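Chemist: Residue numbers (the numbering used here), protein chains in the order written: chain A, 1 to 182; chain B, 183 to 439; chain C, 440 to 823.
In case anyone wonders, no lab produced these hints; they're calculated from the structure.
Among these hints, one or two may not hold up.
As the list claims (entries may be wrong) - Sample of chain C residues at the chain A side, in silico, Cβ under 10 Å:
#1 L444
#2 T469
#3 E493
To be verified - Chain A stretches covered by chain C per the calculated footprint, using a threshold of three residues with CB under 8 Å from any CB of chain C:
#4 16 to 24
#5 125 to 137
#6 154 to 161
In this text the structure is predicted, and so the values were computed from the model without any measurement.
Don't be surprised by glycine CBs; every beta carbon is placed ideally from N, CA and C.
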Amino acid sequence: MEHQIIISGFGGQGVLFAGQLLAYAGLAEGKHVTWIPSYGPEMRGGTANCTVILSDEEIGSPQIRYPSAVIALNPPSLVKYAKLVKPGGCLVLDASLIDSRAGREDVREIAVRAKEIAEGLGYPQMANVVAIGALVAATGALRMETVEDVLIAKTARKRPEMREPNLAALRAGAAVATATVH
Amino acid sequence: MIGNLIPVYERPHALTETVTHYCPGCTHGLIHKLVAETLDEMGVTEQTIGVASVGCSVFSYNYFNCDFASAAHGRAPAMATGIKRVHPDRIVFTYQGDGDLAAIGTGEIIHTAARNENITVIFVNNGIYGMTGGQMAPTTLPGMKTTSSPAGRDVKLTGAPIRMSEMLATLDGPAFIARRSVHNPANVNRTRKAIRAAFEAQRQGLGFSIVEILSSCPVNWGKTPVDALKFIEDGMLPYYPLGDFKVSEAMKALLRA
Amino acid sequence: MARELWKGNEAIAEAAVRAGLEAYFGYPITPQTELLEYLAVRMPALGRAFLQAESELAAINMVYGAAVAGARTMTSSSSPGVSLMQEALSYIAATEVPMVLVDMMRGGPGLGNLAPTQADYFQLVKGGGHGDYRPIVLAPDSVQEAVDLTYVSFDLAERYRNIVIIAADGNIGQMMEPVEMPPLRERPPVGSVDRGWELTGAVGRPRRIAHSLNLSPEEMARVNASLQNKAAAIAAHEVRYSERFAEDADLLVVAFGSAARIAQTAVRQAREEGLNVGLFRPISLFPFPTDRLAHLATRAQRLLVVELNAGQMLEDVRLAAGAYAPIDFFGRMGGVLPMPDEIYDAIRSAYPHVGGNGNGKGKRSLPAGMRPLTGSWSERMSLN
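Bound conformation, chain A alone (with noise of 0.2 Å):
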């Protein structure tokens, strides 16, 4: 089994941390991993984009163009990748920051107001987190309690206080997934 998963948004929005947490979490499961940023100019503002790999065999080429899952924090995201989604795929994206859809048939589309479930934890910067929530849960890919785990390690280990509203943002998220009917 293996997901290919693109996170897209602006430069800022946690996209980069937020496929490293899914990638320290197949590490954390055994899989074999690959996460590979776009890098350069794009970093200083502008879109940002990682791909990560999860997979049981050896992985190939670390980067994809039809990926089996996306996240789209931003509207060009939602633009440049909602056609390219695996059929069969999921595509979360934060509606909180986008109006369109992809309204595809195909796949499982999980619209998750991601941004303001984050200003209602009072943390504006974990709609990366509540996006992650909802994949994990709508895709399966890793167990949530794994990427639970990471995500205190990485975030809380120095700083508790942030433990609760993290895992509640994960959590809120993995709700939404949940409540999306296909």
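Chain A is already provided as a structure; the job is to place chains B and C on it using the hints.
Modeler: Here is chains B and C on its own, set in the frame of chain A:
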């Protein structure tokens, strides 16, 4: 009785027995001797690693009796930096001409000085490219005829000669920057003292030291050896004044002591 | 030992540290800067030499100095910076001192871009600087392999007193993958073990000279002969490659580094669909795995070379295997990265039983970027 004679002069231990390739009247050989005597006096010849440049002094590695590396053109200060960072307890010096140091290697010498790299630079300035047969250098005097400025150096076309010592002296770092000349015995002695001071600066860990030495090139200047020495005095000194351009506070203390 | 996620650039830096890197000199350039930044923290903490030079030119000459001084030394850069280093690389090769260079290749020529390419194969593998010399060139296709090759590169450099180049690109440098790090080596202090050539000060021994000037043609010829003998020894002992389904492949894909990584996905897909396709991946670009590739080419009906350039390793493949099998080429230039499906299409087109080569079923429809190379050099050049 020969056995009772006291030698008043002998070849410095720090020079090999090799006959140099320098032209008659050239002062490179004299400057080599001053450096070698200094290393011997300080007892550091065996702790010293030299870096030769490209130009007339390219073969200096054959003449100094210590470990020696031969750098690419202009890069001796960078190579010396690499050596010194690996062996900070060794004495490391470069021996460079003006084409090497003031033209192709300008970047390296400035940044090595700016880092206050704890090395010593012997900079031999004769205002011309000697090895390649007398072309214009960045240090060639205005109006001076060379094979690549046959009508005389036109500063409107090529700019004015670079005074490296003055330029480097604007940097905060260096411990000791001085210009000397070897056109007569009194100045040879002053040069010897400056070279000693420069190496002492390094031995005491005070940082970057450079002695710029005005030197003659009779063959490419088209002068007799005697006239060439006179040209240093009459032609070069007015443009390249002798003196100490940078003596750090720590260096001043060292010189007093 | 547990596997950890490492970014390629930082993993290479750590592997170098663990291999005993004693002196690093570098200059910032994307996409290798993380390597410099990582060592800026790590090296001083270990009491080892780290210096950001004023240019790649200065950096490589500092490496030259550290190398003649006997240290395990390294620099890293990307294509334009490596161009600047070629002069000193030639000097270092002639002086026969060991050093390691990491090149994270980027799009060129010129200032180019930051995207991954393999367009510096000629520059790295064929010498790059003036004169007749051969660096050992190792091309990893994963972060783990980059670590392993970096770790061994210092030993190779010292064994042969030769330049070793780790040739990769931003794909390897920027990617994160699980890595098992080798142990931190305990090494004696620099200069404490005398190998007979390093400059440490002539205490209790005759002085030494490290130079590359040989005015007498006979002496220069002798140095050249020594370099060639060394290259032959390297070619005899240091060939490295990797194979997947290569032994019985009818169509053998030949690719290195990140292009091989992409090709691997396409090859696997083709295999799953019943095509008898294999992958041959040179790891050492010099020495090139000529003999092994020739052997495989006598079995395969066709070869497909895939590179992120206009066809550079292709020439070595032709030399090795051109007499035994027809060769196709698929290339992407300028940092445009082919996706696995494009290479898959190229495999379908080139495949002996599917694409119609030699079976008289008419013209193939070639994917963009692919050209058949069965003709002469001049015929090839007339193709777009």
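Chemist: Does the CB of L444(C) sit less than 10 Å away from some CB of chain A?
Modeler: Since the shortest Cβ distance to chain A is 6 Å, the answer is holds.
Chemist: At least three residues with a C-beta closer than 8 Å to a C-beta of chain C: is that true for the region 16 to 24 of chain A?
Modeler: holds (count 3)
Chemist: Hint check: is the beta carbon of E493(C) less than 10 Å from a beta carbon of chain A?
Modeler: Interface hint status for E493(C): violated (24 Å vs cutoff 10 Å).
Chemist: Taking the closest Cβ pair, is T469(C) under 10 Å from chain A?
Modeler: 6 Å, holds
Chemist: Count the residues of the region 125 to 137 of chain A with a beta-carbon closer than 8 Å to any beta-carbon of chain C: does the count reach three?
Modeler: Contact hint for the region 125 to 137 of chain A vs chain C: violated, 0 residues under 8 Å.
Chemist: Under a C-beta cut-off of less than 8 Å, do 3 or more residues of the region 154 to 161 of chain A approach chain C closely enough to confirm the stated coverage?
Modeler: That given contact is violated, which follows from only 0 residues of the region 154 to 161 of chain A lying within Cβ reach (below 8 Å) of chain C.
Comparing the model with each numbered hint stated earlier shows that hints 3, 5 and 6 do not hold.
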